[in-house]
Amino acid sequence: AQKITQTQPGMFVQEKEAVTLDCTYDTSDQSYGLFWYKQPSSGEMIFLIYQGSYDEQNATEGRYSLNFQKARKSANLVISASQLGDSAMYFCAMREGTRYGGSQGNLIFGKGTKLSVKP
Amino acid sequence: DVKVTQSSRYLVKRTGEKVFLECVQDMDHENMFWYRQDPGLGLRLIYFSYDVKMKEKGDIPEGYSVSREKKERFSLILESASTNQTSMYLCASSLYQGPYNEQFFGPGTRLTVL
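Residue numbers (the numbering used here), protein chains in the order written: chain P, 1 to 119; chain W, 1 to 114.
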C-alpha cells in the first residue's frame, strides 16, 4: 500500500491566486514528520516546510502553509498568492517513527504534483 | 547554508561501463542518501549511510553499490551500467535520522546509458 498519496498529477493556478496541493499518508506510528519539497525544472529538490506529528499548530513558512489534519491523515500544502516561479513539481514526503538505523527512518515520497502557474 | 554537491549535472555512458557518481556535503551530516527519480515513480531510495563505512540498502539496491570512506563524501557505483539505469540521481544528507530532520538535496545528475 502506498504510504504517501498525491492524487493530483497536475494542476493549474492563476497567478496571484492561492492553490492547495493534496497529500494523504498512511502510518501506524505516533511519531512522524511530514515534509514538502519543490523541484523546479532544473532538478534540485528544495525543502519548503515541515510538520511534526505532535505539532498542534499548522506549519507556516512565508507563502507556504501546511494544512495538517491528523485524524484524516492529510497534510495539504497551501501556496498563497501564486507566482510564476512557483511552477514546479511538488513532493510530499514522510519520515516515520523514532527508530534509528535501518530504512524505517527514511523519507518516503509521493509521486508528485506538477503545478503550472498561468500569467 | 547546507551545501550538497554532485560531481556532474549530466552524464552519458555506454552499456557495461563502470560509473561513479560522487556526492559531497559540507555540513558534517551523519546521514547521506542516494535516490533515483523516474517519471511517474517519484523518488526511490537506492542506498543510504548513517556513518563512515556504514551502508544500508534502500528499496532498489540491485545493480548499485556505494562507498563512504569519509564523512563528507558518498559515492554511488554502477558496476556495469545498463540502459534501465538511465535516470535522474539525487544525493541528499541529513544531520540525524528520526522523523524531525529534513534532508538537503544536491542538484542531481541526469545519467543516460546508451
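One or more hints might be untrue.
[To be verified] Here are the simulated distance ranges between beta carbons:
hint	chain 1	residue 1	chain 2	residue 2	range
1	W	Asp51	P	Lys16	45 to 55 angstroms
2	W	Lys3	P	Gly85	14 to 24 angstroms
3	P	Gln8	W	Arg110	21 to 31 angstroms
4	P	Ser80	W	Leu41	44 to 54 angstroms
5	P	Gln57	W	Gly16	49 to 59 angstroms
6	P	Gln83	W	Thr15	38 to 48 angstroms
7	W	Lys3	P	Ser80	28 to 38 angstroms
Note that these hints are calculated values from the structure, not bench results.
Only a predicted model underlies this, so the values are computations on that prediction, with no experimental measurement involved.
Backbone N, C-alpha and C fix where the C-beta goes; we use that ideal spot for every residue, glycine too.
**Request:** Please write out, lowest number first, the hints stated earlier that are contradicted by the structure.
**Result:** 4
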